[in-house]
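Mind docking chain B on chain A? Use the hints.
Sequence lines, in order, name chains A and B.
Take the first sequence: its position 284, counting from 1, is numbered 294 in our numbering, and each next residue is one higher.
Take the second sequence: its position 208, counting from 1, is numbered 209 in our numbering, and each next residue is one higher.
Hints were generated in silico from the structure; no laboratory data involved.
Incorrect hints may have been included.
Calculated from the model, a selection of chain B residues having no Cβ within reach of chain A, i.e. all distances over 10 Å [what the hints assert, rightly or not]: (1) G50; (2) G54; (3) L55; (4) I59; (5) M62; (6) L65; (7) F90; (8) L121; (9) G142; (10) T185; (11) F193; (12) E206; (13) N207; (14) G235.
Heads up, simulated DMTMM-like pairs for lysine to aspartate or glutamate below, C-alpha to C-alpha not over 20 Å straight-line [said to hold, decoys possible]: (15) A/K141 with A/D130; (16) A/K142 with A/D102; (17) B/K100 with A/D99; (18) A/K306 with A/D269; (19) B/K100 with A/D104; (20) B/K100 with A/D102; (21) A/K196 with A/D134; (22) A/K145 with B/D99; (23) A/K123 with A/E166; (24) A/K141 with A/D102; (25) B/K100 with A/D106; (26) B/K100 with A/D173.
Using N, Cα and C, we set each Cβ at its ideal position, and we do this for glycine too.
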Amino acid sequence: MSAEPAILVREVTKTYAGGFQAVQGVSFEVQHGEFFGLLGPNGAGKSSLMRMLYNKSTRTSGHIEVLGFDPLRNELEIKYLSGIVPQDDNLDVDLDVVTNLRVYARFYGLSAKATRARIDELLDFLELGEKKKAKIRELSGGMRRRLIIARALLNEPKLLILDEPTTGLDPQVRHLIWDKLRLLKKQGLTLMLTTHYMEEAFQLCDRLAILDRGLTVLEGRPIDLVKSHIEAYVLEIIQREASAALTYTGPVRRETIQDRVLFFSNSAAELEAIARGLNPGDFYLRQSNLEDVFLKTTGRSLHE
Amino acid sequence: MSDSRVSVPVPSLVRRLGAVWWRHVRVYSSSLFSNGIPPFLEPLIFLVGIGLGLGRYIVSMDGLPYIQFLAVGLVLTSAMYTASFENTFATFVRLEFDKVYDGMQAASLTAENLMWGELLFTATKGAFFAGAVLVMLSVFGLVTTPWMLVGVPLGFLTAALFGAIAMLVTSAVTNINHFNFYFTLFISPLFFFSGVVFPLSQLPENIRWVAMFLPLTHPVELLRTAAGGHTVFGPVINLVYLGVVIPVVGTLAVKRMRRRLIS
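Just chain A, same shape as in the assembly (with noise of 0.2 Å):
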């Protein structure tokens, strides 16, 4: 491996036509066979990075190398080295399984005979080798996707880039998928994900990167984000009425959020004694985790 990054991304900033500033100087490199996970509310930047990896949007300013190469000249070489899973599902829905990869493997040059191998392999590995001869409409959400994730992998990428793999997926099936990559992880794989479940990135990413508003608001590994930005503890008391009905007015971190208030410590017989007299139904005292950290840096204000 050379020492180089695999995706080095240096101050890009990306303006659609309307005016919309989509991204807004945006820095963050992703070493060869690290997993690499993008977070952040919709309208954070997050696809439109994803897409300018592979010149599927342009960048406005900023440098981007992704294998060495500059995707507005490389395009070509960048999309032949990684393999790319949009938002979307776009399979060809006129044909089955095995004549959408077919089809896909010759966008890659590959040989009648290597595509064979290689589908019976992509197949068996993401467990779809009973659906070969099915029709796309037949196959479930999860099949579709894992099809999809096949249909990446045919060249065998050293890069793979996807952009919310598991969204809509039952648990089984994202279990499965995380299992997937985690395999590919020990065979050199570098990836790139963005995300809305905060289990996801903290299961398969090494680092990860926080997005609000175009910007990159917290960069770091998952479990030091969540020691060192939130406090260890949250008392959550669901109820109005609970809530109302308490007195505490110490310095212990407090958000209101509707109907529900949050006291946040890192001293969990701090918040015990909070929640002393109030009915065991009506509060919740748990260890903070990612999603605590992204409301924190990104608000609870809907994005939209």
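Same frame as chain A, but now just chain B:
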């Protein structure tokens, strides 16, 4: 820049265009029954209709039995219609509804590769449609000279021409219903004023030149020339027109579609 740069074996332009073409062929032939039969049925119905009805009233036109005059043009109007539908409604559905191009753009293809490959397919489809009409014409004994077979490559060119024009229109359309205007105001009139249903020499002399700018005129005249019929403009003007308009409109259409494919 890394050293891997020189060693990335991206497929050649020809192979990339061929792969796009192949994708369309596979999708088209996946419903062989519903896609393959109509090109033969349509001229059949048309010829039976004309033969039973209209043919009795018009004995000859331009020295030919009317049905034989009409037959020449029909070979190419079928290519015009199929190309026009292919690169308006079908292209729009691929672009906006099925997101087919999003999927293809994730492979090692450029937006330009996608569009040129698509035009290549449209042209091929036009040749197939023209061939289907010729088969039906021969059943009716209307293929009087083997030169009529020039209709197949001319079907290719006709479809390339109308595919390019349709793609240019599609690049500017945001609502699929707007294509109705294109068909009503542009394609349908061409059927009547391009020397298909009556000879252009019948047009008043002072407006005859307008027909020179109508795209369907030129392939139809070329096929008439091949079949030994009379023409107004002649093969040199016809070939120059096709040789200029197809690449110019095609390039413009692909360039403008690129803006729809890359944000």
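Evaluation of the provided hints:
| no. | hint | in the structure |
| --- | --- | --- |
| 1 | G50 | 32 Å, holds |
| 2 | G54 | 38 Å, holds |
| 3 | L55 | 38 Å, holds |
| 4 | I59 | 43 Å, holds |
| 5 | M62 | 43 Å, holds |
| 6 | L65 | 42 Å, holds |
| 7 | F90 | 15 Å, holds |
| 8 | L121 | 14 Å, holds |
| 9 | G142 | 38 Å, holds |
| 10 | T185 | 29 Å, holds |
| 11 | F193 | 35 Å, holds |
| 12 | E206 | 48 Å, holds |
| 13 | N207 | 45 Å, holds |
| 14 | G235 | 42 Å, holds |
| 15 | A/K141 with A/D130 | 11 Å, holds |
| 16 | A/K142 with A/D102 | 14 Å, holds |
| 17 | B/K100 with A/D99 | 8 Å, holds |
| 18 | A/K306 with A/D269 | 18 Å, holds |
| 19 | B/K100 with A/D104 | 13 Å, holds |
| 20 | B/K100 with A/D102 | 9 Å, holds |
| 21 | A/K196 with A/D134 | 18 Å, holds |
| 22 | A/K145 with B/D99 | 15 Å, holds |
| 23 | A/K123 with A/E166 | 15 Å, holds |
| 24 | A/K141 with A/D102 | 15 Å, holds |
| 25 | B/K100 with A/D106 | 17 Å, holds |
| 26 | B/K100 with A/D173 | 15 Å, holds |
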